[in-house]
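Generate coordinates for the entire structure from the input sequences, incorporating the hints supplied.
Chains as they are written, first to last, in UniProt numbering: chain B, 1 to 313; chain H, 1 to 414.
Read the hints as simulated data drawn from the structure, not as lab findings.
Take these hints with a grain of salt, some might be off.
[What the hints assert, rightly or not] Anything over 12 Å on all C-beta distances counts as not near chain B; from chain H, calculated:
no., residue
1, Glu152
2, Gly172
3, Ser250
4, Thr305
5, Gln335
[Said to hold, decoys possible] Under 7 Å between C-beta atoms, here's a sample of chain H residues computed to sit facing chain B:
no., residue
6, Met1
7, Ile3
8, Val227
9, Val410
Beta carbons: idealized from backbone N, C-alpha and C, even for Gly.
Next come the chains, spelled out residue by residue.
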Amino acid sequence: MVDNLKNPSSEVSVPKFGFFPRELEDEAIYIMREVVAQFEKPVLLFSGGKDSITLVRLAQKAFYPGKIPFPLLHVDTGHNFPETVEFRDWLAKETGAELIVRYVQDSINQGKVKEESGKYASRNALQTVTLLDAIEEFKFDACIGGARRDEEKARAKERIFSVRDDFGQWDAKRQRPELFDMLNGRIAIGENVRVFPISNWTELDVWNYIKEEEMAIPSIYYSHKRQVIQRDGMLWADSEFLNKDADEIPFEETVRFRTVGDMTCTAAVASEAIELDDIIGEILSAEISERGARIDDKRSEAAMEKRKQQGYF
Amino acid sequence: MDILRIATAGSVDDGKSTLIGRLLYETKSITRDKIEALEAASKRKGLDFLDLSLLTDGLIAEREQGITIDVANIYFSTPKRKYIIADTPGHFEYTRNMVTGASNTKVSMILVDARNGVLEQTFRHFFISSMLRIPKVIVCVNKMDLVGYSEERFNEIKDAVQALADKVSFEGQEITFIPMSSLYGQNLSTQSTEMPWFTGAPLLEELEETNFDEIKKPARFPVQFVVRPKTEEFHDYRGYAGKISSGSFSVGDEITVLPTGQNSKIATIEKFGTQLEKAGAKESVVITLETDVDVSRGNMLVKSTSTLEPLKEITARICWMDSKPLISGKTYILQHGINDSKAKVIALNNKIDVVNQDTIVDAVSELKLNEIGEIVLKTAKPIFADKYEYNPANGAFILVDDQTNSTVGVGFVL
Numbered sequence: 001m002v003d004n005l006k007n008p009s010s011e012v013s014v015p016k017f018g019f020f021p022r023e024l025e026d027e028a029i030y031i032m033r034e035v036v037a038q039f040e041k042p043v044l045l046f047s048g049g050k051d052s053i054t055l056v057r058l059a060q061k062a063f064y065p066g067k068i069p070f071p072l073l074h075v076d077t078g079h080n081f082p083e084t085v086e087f088r089d090w091l092a093k094e095t096g097a098e099l100i101v102r103y104v105q106d107s108i109n110q111g112k113v114k115e116e117s118g119k120y121a122s123r124n125a126l127q128t129v130t131l132l133d134a135i136e137e138f139k140f141d142a143c144i145g146g147a148r149r150d151e152e153k154a155r156a157k158e159r160i161f162s163v164r165d166d167f168g169q170w171d172a173k174r175q176r177p178e179l180f181d182m183l184n185g186r187i188a189i190g191e192n193v194r195v196f197p198i199s200n201w202t203e204l205d206v207w208n209y210i211k212e213e214e215m216a217i218p219s220i221y222y223s224h225k226r227q228v229i230q231r232d233g234m235l236w237a238d239s240e241f242l243n244k245d246a247d248e249i250p251f252e253e254t255v256r257f258r259t260v261g262d263m264t265c266t267a268a269v270a271s272e273a274i275e276l277d278d279i280i281g282e283i284l285s286a287e288i289s290e291r292g293a294r295i296d297d298k299r300s301e302a303a304m305e306k307r308k309q310q311g312y313f
Numbered sequence: 001m002d003i004l005r006i007a008t009a010g011s012v013d014d015g016k017s018t019l020i021g022r023l024l025y026e027t028k029s030i031t032r033d034k035i036e037a038l039e040a041a042s043k044r045k046g047l048d049f050l051d052l053s054l055l056t057d058g059l060i061a062e063r064e065q066g067i068t069i070d071v072a073n074i075y076f077s078t079p080k081r082k083y084i085i086a087d088t089p090g091h092f093e094y095t096r097n098m099v100t101g102a103s104n105t106k107v108s109m110i111l112v113d114a115r116n117g118v119l120e121q122t123f124r125h126f127f128i129s130s131m132l133r134i135p136k137v138i139v140c141v142n143k144m145d146l147v148g149y150s151e152e153r154f155n156e157i158k159d160a161v162q163a164l165a166d167k168v169s170f171e172g173q174e175i176t177f178i179p180m181s182s183l184y185g186q187n188l189s190t191q192s193t194e195m196p197w198f199t200g201a202p203l204l205e206e207l208e209e210t211n212f213d214e215i216k217k218p219a220r221f222p223v224q225f226v227v228r229p230k231t232e233e234f235h236d237y238r239g240y241a242g243k244i245s246s247g248s249f250s251v252g253d254e255i256t257v258l259p260t261g262q263n264s265k266i267a268t269i270e271k272f273g274t275q276l277e278k279a280g281a282k283e284s285v286v287i288t289l290e291t292d293v294d295v296s297r298g299n300m301l302v303k304s305t306s307t308l309e310p311l312k313e314i315t316a317r318i319c320w321m322d323s324k325p326l327i328s329g330k331t332y333i334l335q336h337g338i339n340d341s342k343a344k345v346i347a348l349n350n351k352i353d354v355v356n357q358d359t360i361v362d363a364v365s366e367l368k369l370n371e372i373g374e375i376v377l378k379t380a381k382p383i384f385a386d387k388y389e390y391n392p393a394n395g396a397f398i399l400v401d402d403q404t405n406s407t408v409g410v411g412f413v414l
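Written out as structure tokens, the structure reads:
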């Protein structure tokens, strides 16, 4: 390859710690308030990950001294890390927010979805059905999610108010233009809107915010010892849900998780980060991207966009 | 840390995606796994160099067509500030995206291919940047490597662009020209080694040094939400939540509630329980008043010294964004900030022929997708807007089609 990138870039240094642009918080709070004003039955989709924990914090701030005026919905795949589920229950209690949990296992029992098989089996794709059922059950018209545009190319073009049809489908061509800060949440019956208040945040912004706000996060984000296997150049957490080949023998490693999804589709990274500053330092060194640790995204280059069209976030 | 929002515009193939990719690369915003993916993708395409444009060319449909078709948001930061680039396509059909991407931004980066010089698109980009009153325009004369890094060629283009700009630029708008090669990183984050004749700053330095004197704008606070917890602790609490759109408010300020015209004084300005003395534009706060006045969502608090007249007939410049044309006589929903009203188009005064450089066509019957024109709207209830030119943050609105719920146009109050 011709090296067209040899121009020195060493003079540009990476951002230092502790710089959270407060304008992002103001923008997210504004969006939260618009949701409550424009919709009848909003819900916050809570995954237990740092992004949805950030959303809960923003919701607290947006309506203070009132309470969070919408419930949190968690789609429990049954393959969540136990630490995440424990944290979820604690946070709901702490904030006084109403918590609704719906189970992928129920969708499987109802015969609506079929458990995947093989060594890459995961319930990640299955949760879409459980989510759409919950939206229908409670007649939610706005679902607040923690997706960020910096995560993945298909998300870079996502709107703040993203209109979905009855089937939860996303159509890039049907998205409304968003001008200035004006949000148009008008929808027909049966449609709903996915709302992304932290669209403009990067992973680094989220961590800086967590640090400056002194927020609690699930313990698996910090370095700990865990049984893992090596597969496709990544570390997979060993659990009863992971289908292993005979030669995939678990071993102990000091790891942490950079993103929190299911135990079957979230890779761990070897890490000694025991404090927030260590985590931020790791991100700044930019060795691997956040979604690079998402096994399901690696299935194909256009994986995310395809799942999005089907009603996933 | 502040945020600088930038809009980019260019024609097909003028190297915009490469420029953005290179900027990300040089600010170390690309992780190692992404660079590896890029190497693989470049090889698959049979290229013998790293194609940085692949970093930002997103959707499947786009990849098939090989062009960018929507607004993409791209992020990077330096120790000084966070940058958000709204990457908007330069296609003729997509004026709507360009206007969308450029709303909110303070800097417009317009790309010109050094081989092709000024195109029809270049004027369109300038026109839109000026219509939106973007205070700074950076003209990136790209692909200088393909014209032998010629100073003469750069000056030719500069003169031609300046002539276009003179037609639409407004007082106070700053225009900067930079010769560059995105492919070889000339004048991106470091001074070009190939163009010693250029004494200006490279692009990144230009962006880092950009600061805007926030000219004193009138204080406007649209009320989004009334906070009434009705708990024991906050039994009689009544606060008004919103984001200040322009100017600033301080505790003790005399305010007027629009549209009722009632007056009161600011008792507190709060952010999650923290009491502030003063808050400014773009801050989300809760304001409480000293006296009991009737305030609900959609109302606006203004300082009594700079209040607003109600508008029931609005003359505005419109950019149309829907495949169904705007028709005189039709009623739409007008959304101004967070407030809305039914609004009927009572006159379509003219249409601006952007292609033929700003000539005005009178007596038109409709405005089609991507067309820009002047209309008069009659609203069902009073709207409290400033002239866009005077206070952009309170001078724009959108039009919504009540049959499809789509956002069909954006207006700028004249």
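How the hints compare with the structure:
With a least beta-carbon separation of about 24 Å from chain B, Glu152/H lies farther than 12 Å from that chain, consistent with its non-interface assignment. No Cβ of chain B comes within 12 Å of the Cβ of Gly172/H; the nearest lies about 20 Å off, and the non-interface call holds. Distance to chain B confirms Ser250/H as a non-interface residue, since its nearest Cβ pair spans about 18 Å, more than 12 Å. Residue-level check passed: Thr305/H sits 25 Å from the nearest beta carbon of chain B, beyond 12 Å.
Residue-level check failed: Gln335/H sits 6 Å from the nearest beta carbon of chain B, not beyond 12 Å. At a threshold of 7 Å, the smallest CB-CB gap from Met1/H to chain B is about 4 Å, leaving the interface hint in force. The interface hint given for Ile3/H holds, since its Cβ lies 5 Å from the closest Cβ of chain B, which is under the 7 Å cut-off. Among the interface hints, the one on Val227/H holds; its C-beta lies about 5 Å from the nearest C-beta in chain B, closer than the 7 Å criterion.
Contact between Val410/H and chain B, as hinted, is supported at the beta carbon level, the nearest pair being about 5 Å apart and thus within 7 Å.
Hint 5 from the list above is the single one not met by this structure.
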